[in-house]
Each structure stands twice: as C-alpha cells, then as structure tokens.
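*Asks:* In case you want the letters, here they are:
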Amino acid sequence: MSADWTPAERAAFEQRRRARNIALGIVLGALALLFFGITVVRMIK
Amino acid sequence: MNQTTAFPTTALSEWRDYFALLKPRVMTLVVFTALCAMLAAPGHIHPFLGAVSVLCIAVAAGAAGALNQWYEADIDALMKRTANRPLPAGRVAPGEALAFGVALGAGAVAIMGLVSNWTAAFWLAVSILFYVIVYTVWLKRRTPQNIVIGGAAGAFPVIVGWAAVTGDTSLLPWLLFAIIFLWTPPHFWALALFMEADYSKAGVPMLPVTHGLAATRKQILAYTALLVPVSIAPAVLGLTGWIFGGTVLLLGAIFMAMAVQVARSHATVAADMRVEKRLFKFSLLYLAIIFGALVADRLLLA
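Those sequence lines, one after another, are chains Z and L. First residue of the first sequence: 1, per the numbering used here; consecutive thereafter. First residue of the second sequence: 1, per the numbering used here; consecutive thereafter.
Derived by calculation from the structure, the hints in this document are not laboratory data. Note that the structure is predicted; figures quoted are calculated from it, not measured. Please note that the accuracy of each hint is not assured.
In silico contact screen, one side only, chain Z against chain L (beta carbon under 10 Å); selected entries [to be verified]:
#	residue
1	LEU28
2	VAL40
3	ILE44
We put the CB at the ideal spot given by N, CA and C, even for glycine.
Let's have the full structure, built from the sequences with the hints guiding it.
*Replies:* See the structure below:
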C-alpha cells in the first residue's frame, strides 16, 4: 500500500504512528487507573 | 487509478487531530459551568468521583463536537475559520470521526451512570443527542434560530453537574439552564455580525445572513432583555445569596447597556464593529463571573 513512499514520507508516517500509539497507550493507562480509583472509592464508601 | 500512491488517511492523522475533533475550546465553557453547578449544588460527592463526573461531561461534550464535525465536514470546508479542521482537511476519515464520537459518547454516559447516578447519565445522553440530532442534523441548516436551539445543548451540562451531586434536578439548575440558553443568542449573534461574510459563503442560515444586520441587532437586544431578569431570578427567589444577586445586577446592567449600543450601531463591515466585538468578549466574561459568583455564594454564605 505504501510501496512508493519516499524515505522522508515513510519517516514522517512512522513518527506520526509512534506519537498516536503513545497517546493511545496513555489514554488506556489512564482509563485503567480511573477504574481502579473508582473501585477503591466505591469500596471505601 | 493507482491506489498505492495515495496515503491512507490514518497515515496522515496525528493524535492532535483526534484531540481537535473534541473542540477543546468549546469544552472549556461546558466544563466550567458544569463544575460550578456541582460546587453550588447542595449535597456531597466524593472529590474523585466528582472529578470523574466532570471528565465524563467534558468527554461527552467532546463526543458531541466530534459528531458535529463529522456531519458538518462539507460546510466546514467552505469557511476560512473551519477549513483546516481534521475532516475537511482530509487528515481524519469520516468513518473514524463517527466511530470516535459514538464510542466516546457512549463511554462517557456509561461511566457517568456508574460513578454518580443514572439521572445525571440520562441528562448527559440527552445533551449529546440534542446537540447532534436536534441542533446539528435537524435545525442548524434549516432555521436562522439555530443558535437559540444550540443554546439549549450548551446549557445541559449544568443540569448534568447538578444531578451528579444531588441525584435530581430542582428549580435552580433549570434557571441556570435558562441563563445559558438566553445568553447564547446575544453571544453568538454578536460574533455572527462580524463573521457574517464567512457564514454567508458557507450557506449557513445565520440570522445576519438571512434577516440582515439590523434584525440581528434587535434580536440581540431582545434576548439580552430576557437574559438579565432571568439571571437575577435565582437571587429574587431566594435560591442564592447577595454575592450572586449583586454580581448579576451589576453585570446585567452593563450587558444591557452594551446590547443597546449594538442595537443602535449601524456598522456594516467587520472592521467598524467595535461595539459588537466588545459585546462578544464581555458576554464570555459575564457568564464566567456570574457562575463564579454562584459558587462563591454557596461556599461563603451557605
């Protein structure tokens, strides 16, 4: 699909993909912490 | 056509594009008014659960923003102010924006229900559906009163915030709803007056485009004349104290004076519309300060 990208285009794409994956990782981690926090607060209450 | 030469849309999108879909600037106002309603509501919510509730309101507003941009990509492409948004610029595919909005909206409503109560979750769902279906899909392109209806969508977060704390909705949150509802037309029509050319180009039936500048000025004055007494109502009815009452009395008088200036103005080009721009900026300040006063009232006097 991306066979004829130039090296610069490929590098730019990979950089964008890496940033997206890091952002998604942060969101998923935050969601896990959120549910952990909700559970703890609910248990204390 | 050789498809291998085309970038797939996902190759172009950055995380910032998805963030932009959430309309973070609009979110600020929604979060602020909802937070104020939560702080002013009688009752108690655990600070962590309160923070999660605010997050749900923010995410729901973002989801509504994403769905709005998904539906409006065609007209966004025509306006200078919105042409570089992720969808018209081609950095995010329509299907992705739709899925993003639906997933965020459903997630925010579900978590709101689990964290606070289902009354708040119900009003949160209503706020998203109202903004997307009633405002964006149904009325925005059909009536010059679109802003009035859109105002209701922006006013729901106070109901949600209040319900998250108390589990129900009483007279005061509905009066706060009415304040935001009536504040929206003068706020956006002031903007529309000096952005008229842009809306005209996109074919959005904003009031200055369909009925002219003079009619818009009169409507701004009419809605301000309704806004000021409704803003004072919570204090008159004894639902708030003197901090809120005094603040709305003073700011309401200034708002009214500015609306009269706008109604008397005859400026036709954006560069000459100083009073209109001043009213637009003051209207933002008005809402921020009276909601701040509402919280101060509750925290200091209650």
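*Asks:* Give a verdict on every hint.
*Replies:* Now the hints, each set against the structure:
no.: 1; hint: LEU28; in the structure: violated, 12 Å
no.: 2; hint: VAL40; in the structure: holds, 8 Å
no.: 3; hint: ILE44; in the structure: holds, 8 Å
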